[in-house]
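J.: Kindly produce the complete structure, drawing on both the sequences and the hints.
From first to last, the protein sequence lines are chains H and B.
So for the first sequence, the numbering used here puts the first residue at 43; every next one is plus one.
So for the second sequence, the numbering used here puts the first residue at 447; every next one is plus one.
Honestly, the hints are just simulated from the structure, not real lab data.
These numbers were taken from a predicted model, which means no experiment stands behind them.
Treat the hints with care, as some may be off.
Heads up, incomplete: computed chain B residues facing chain H, CB under 8 Å, no partners named [as the list claims (entries may be wrong)]:
#: 1; residue: E450
#: 2; residue: H456
#: 3; residue: D458
#: 4; residue: G459
#: 5; residue: L474
#: 6; residue: K478
Quick reminder that beta carbons are idealized off the backbone N, C-alpha and C, glycines included.
Below are the chains, spelled out letter by letter.
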Amino acid sequence: MSHVTRTESPVAIKDKAALVSAAQKLGAEVLFDEEARGWSSLRHRGEIVLRHPESRYDVALNRVEGVYELNADLFGGGVEKVYGTKEHPYGKLVALYGAEVARKVALLRGYRVEQTMDQRGIVTQRVVVG
Amino acid sequence: MTREIVIKYHPDGNVEIEGHGFIGKECLSASKPFEVALGLDNITREMKPDER
Chain H
43 MSHVTRTESP
53 VAIKDKAALV
63 SAAQKLGAEV
73 LFDEEARGWS
83 SLRHRGEIVL
93 RHPESRYDVA
103 LNRVEGVYEL
113 NADLFGGGVE
123 KVYGTKEHPY
133 GKLVALYGAE
143 VARKVALLRG
153 YRVEQTMDQR
163 GIVTQRVVVG
Chain B
447 MTREIVIKYH
457 PDGNVEIEGH
467 GFIGKECLSA
477 SKPFEVALGL
487 DNITREMKPD
497 ER
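T.: Here is the structure:
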């Protein structure tokens with residue numbers, strides 16, 4: 043029996059730098075081409091692996107047709123506590139990823155960006171155009 | 447008046463984009479680069495009276 047769950051992210055994760063930045067904002071250590079830790083001796087390789095001191099298990103990300111898929115052992119709730127919510131285990135990560143992508147767009151245009159995240163994991167970004 | 451775009455990213459993957467202070471459909475062109483960069487589809491748009 044496997045404890046690994048595959049989730050297709052609703053916002054397509056394609057930008058590696060934005061993903062790394064989002065994960066680091068959540069306090070994760072970002073590893074490359076590494077084994078992700080799962081239950082017992084279960085391991086799964088990731089082009090990118092997210093490791094966090096508050097989660098026993100890691101998140102592995104691998105690209106499929108240019109889009110990163112997220113895989114982790116969700117047992118115990120450690121992953122959802124760090125990266126998302128009960129309903130959406132990677133929700134905070136995906137929300138922050140989107141915000142990082144949009145931040146790049148805004149800064150390239152010389153816009154000012156303010157950003158907050160609430161307890162529910164909703165990221166609000168205010169882009170001041172002028 | 448300050449023109450700004452407020453983007454809300456929900457944990458379920460939904461994204462809301464709102465334009466404030468724009469004239470006419472200027473807000474649509476301002477938000478377009480963000481929609482493209484985020485790869486958003488299935489977009490529902492609602493124009494507010496003060497921005498028509």
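J.: Now tell me if each hint is right for this structure.
T.: Hints versus structure:
no., hint, result
1, E450, "holds (5 Å)"
2, H456, "holds (6 Å)"
3, D458, "holds (5 Å)"
4, G459, "holds (2 Å)"
5, L474, "violated (13 Å)"
6, K478, "violated (10 Å)"
Violated hints, in rising order: 5 and 6; the structure is consistent with all others.
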